[in-house]
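Novice: The primary structure of each chain is shown beneath.
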Amino acid sequence: MENTNYHKAASAADAASLLSGAEDGQLIAGGQTLLPTMKARLAAPSDLVDISGVADMRGVTVSGSSVTIGAMTTHAEVAGDASLRAACPAICDLAGKIGDPAVRHRGTIGGSVANNDPAADYPAAMLALGATIKTNAREIAADDFFTGMFDTALDEGEIILSVSFEAPAKGAYAKFPNPASRYAMCGVFVAQGAGGVRVAVTGAGNDGVFRASDMEAALGSNFAPDALDGTSVSADDMLSDLHGDGAYRANLVKVMAKRAVAAIA
Amino acid sequence: MTTVSMTVNGKAVTAEVEDRTLLVDFIREHLRLTGTHVGCDTSQCGACVVHVDGKAMKSCTMLAAQADGAAVTTIEGVANGDLHPMQKAFNDNHGLQCGFCTPGMVMSGIDMVNRYKAEGKTLDEAAIRHELEGNICRCTGYHNIVKSISQAAGEM
Ligand SMILES: Cc1cc2nc3c(=O)[nH]c(=O)nc-3n(C[C@H](O)[C@H](O)[C@H](O)COP(=O)(O)OP(=O)(O)OC[C@H]3O[C@@H](n4cnc5c(N)ncnc54)[C@H](O)[C@@H]3O)c2cc1C
Ligand code: FES
Ligand code: FES
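First to last, the sequence lines map onto chains G and F. With numbering that gives the first Met the number 0 applied, the first sequence corresponds to residues 0 to 264, in that order. With numbering that gives the first Met the number 0 applied, the second sequence corresponds to residues 0 to 155, in that order.
Keep in mind that the hints were calculated from the coordinates and are not lab data. A virtual CB, placed ideally from N, CA and C, is assigned to each residue, including glycine. Incorrect hints may appear among the rest.
As the list claims (entries may be wrong) - Straight line, CA to CA, 27 Å or less: simulated BS3-like cross-link-like pairs of lysine-lysine:
1. Lys146(F) - Lys120(F)
2. Lys116(F) - Lys96(G)
3. Lys96(G) - Lys120(F)
4. Lys38(G) - Lys116(F)
5. Lys133(G) - Lys7(G)
6. Lys146(F) - Lys169(G)
7. Lys146(F) - Lys96(G)
8. Lys10(F) - Lys7(G)
9. Lys96(G) - Lys253(G)
10. Lys54(F) - Lys7(G)
11. Lys38(G) - Lys133(G)
12. Lys54(F) - Lys96(G)
Stated by the list, open to error - A few chain G residues that don't get close to chain F, going by computed Cβ distances all over 12 Å:
13. Met0
14. Ser10
15. Ala101
16. Ala246
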């Protein structure tokens, strides 16, 4: 891995100024994506700005049904938070299925959301929960945030501070992990709340995470696994790679959506 | 260059390292504690697992600078005169063949037993297999590793 200059930020504002002063700086949160990428020499930032010491970017707050999760909160902390489990167990279950225990001890929700890997789990939760992504500059609705594979609405140097959402009445996440990498071959998050039913799919789409609107409509009138029988997923919109072709993934989307609905219907 | 200070196996250490230095390289090359292994380049095998402030982490996927101020425990630090119950269990159950993955298996094993105990959950065979997701062994077929961790869970 190429050499870099390491900085530890004391606050989000400090991180922003360290980034703007660097030639080609990048934030480092848990490092569970960035360091493997640097080791493979697919990234070589001149400067790394570590935000792990920024205390107010960490932790879970639940007040009634309103949930806020700091960007630096690790997957293990989300999986193990008792108040969050009481409000929205599905997101705790999702966090507990990311990678393996050591990855969950370091990887963060902010890093996962910012990276928007097409096979990452959290983007599906953010989209299905209608979450708001709060940055040091503004608030962005999840529907506007995920703009394509590894692409988000974040501007250069913009820092995610937290994500927040209203816990739905019911929610579930069904994941079919790739047996080797544990990333999602397909993951479907279904949420049923005051605003109706939202269904978000990760791992399968050829342009990253997406909402399955015909599934949402079908479940809106009949919240049961069978309601999805009449819906169709186009193989042309799916990823097709050595792990599985488009038709295989299109089928997986329906199977995972049914499993998620069956868990809560 | 950056100065890092941390406690490794109870001993305070300070060194001047390149900013890109991975924690595993710091442990192996600077401290000469070569029990922690590197089995892959992709953060997947778990041979490098150590405890940082009491939690299992992949030392190949962490900068030494990120461990500044932390308490690190490596495989060399778990025995206390006698073998740790987890080490003894691997010995008793033939939980290794070549032994390359073993330091990571022992460190992950101790971590999972500690977590399950703290949460009051039972670490049964299915749970152990699931918890071992991030530790790869190319020799044993895992069976005796699972048996070892199960024995130690009853003794720790
Ligand atoms: C073996 C292994 C298995 C894995 N399995 C899964 C899996 O099954 N599912 C899954 O979803 N993920 C998986 N991951 C990825 C893991 O969840 C990462 O932790 C996560 O994707 C990135 O979070 P991080 O905190 O490690 O971010 P980093 O690696 O530190 O950063 C990732 C990117 O996000 C940027 N960034 C970080 N924080 C912020 C912020 N607050 N604001 C703006 N930008 C920011 C960084 O600059 C960088 O570009 C796996 C990783 C490994 C190594
Ligand atoms: S060497 Fe760290 S995971 Fe393989
Ligand atoms: S004993 Fe050889 S890799 Fe596990």
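Novice: Hints the structure violates: just list their numbers, smallest first.
Specialist: 4, 6, 11, 13 and 15
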